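Engineer: Letter by letter, the chains look like this.
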Amino acid sequence: QKEVEQDPGPLSVPEGAIVSLNCTYSNSAFQYFMWYRQYSRKGPELLMYTYSSGNKEDGRFTAQVDKSSKYISLFIRDSQPSDSATYLCAMSYGGGADGLTFGKGTHLIIQP
Amino acid sequence: GAVVSQHPSWVICKSGTSVKIECRSLDFQATTMFWYRQFPKQSLMLMATSNEGSKATYEQGVEKDKFLINHASLTLSTLTVTSAHPEDSSFYICSAARAENLGTIYFGEGSWLTVV
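Heads up: the protein sequence lines correspond to chains A and B, in order.
Just so we're aligned, residue 1 is where the first sequence starts under the working numbering, counting upward by one.
Just so we're aligned, residue 1001 is where the second sequence starts under the working numbering, counting upward by one.
Read the hints as simulated data drawn from the structure, not as lab findings.
Quick caveat, the model's predicted, so the values are computed rather than measured.
Ideal Cβ placement from N, Cα and C applies to all residues, glycine included.
Facing chain A, according to a computed beta carbon distance under 10 Å, are these residues of chain B, among others:
no.	residue
1	V1004
2	Q1038
3	I1093
4	Y1106
5	G1110
With the rest of the complex left out, here is chain A (with noise of 0.2 Å):
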């Protein structure tokens, strides 16, 4: 079993819809739960982070943490075609004192 599980995709959905992105995990020991942007051929670009469980939202987006189901979420509300690219879910121990551990990227396409 891979510690950080991630539907590759691709995902696609009309444009105002309401997206969710997920990925689950295997080691509790992660405290430091990240979502990053990557359009293709360029860096991750991150959107939000979280420590521990909880919500947070910021904008459009909403990013979820269940402990103790070992399962995060990405929400994204009034998609925008713009919104298109692989979504990484990453995690790590002690934030940016770690390397993160990535899940594989789940691709978005939203339709116009």
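Since chain A is already given, all that's left is putting chain B on it; use the hints.
Structural biologist: Leaving out everything else, chain B in the frame of chain A:
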């Protein structure tokens, strides 16, 4: 704007030569930086942890003599791919975090290496 910068963005080199990639934190000091590698349609895999003023820590399976890391200052880490082979062709990305906010981990734009 970018807070972590990488150079070069892309490089083509001949098999057997060495290539150096630079990673800079632009507006903060980073005692620790990280180097990742990403093959096409694969996720990022941590290669090594670069520590300012001390030796890098390599992940299992990564050859430390092939991938030389130097963290000479608080804003600069370099990755040198020595005696490059075509199988080293990949996307190399560095990251750094602000010490005052460990969750904000920023990545550089990445460096595409093609070994011919």
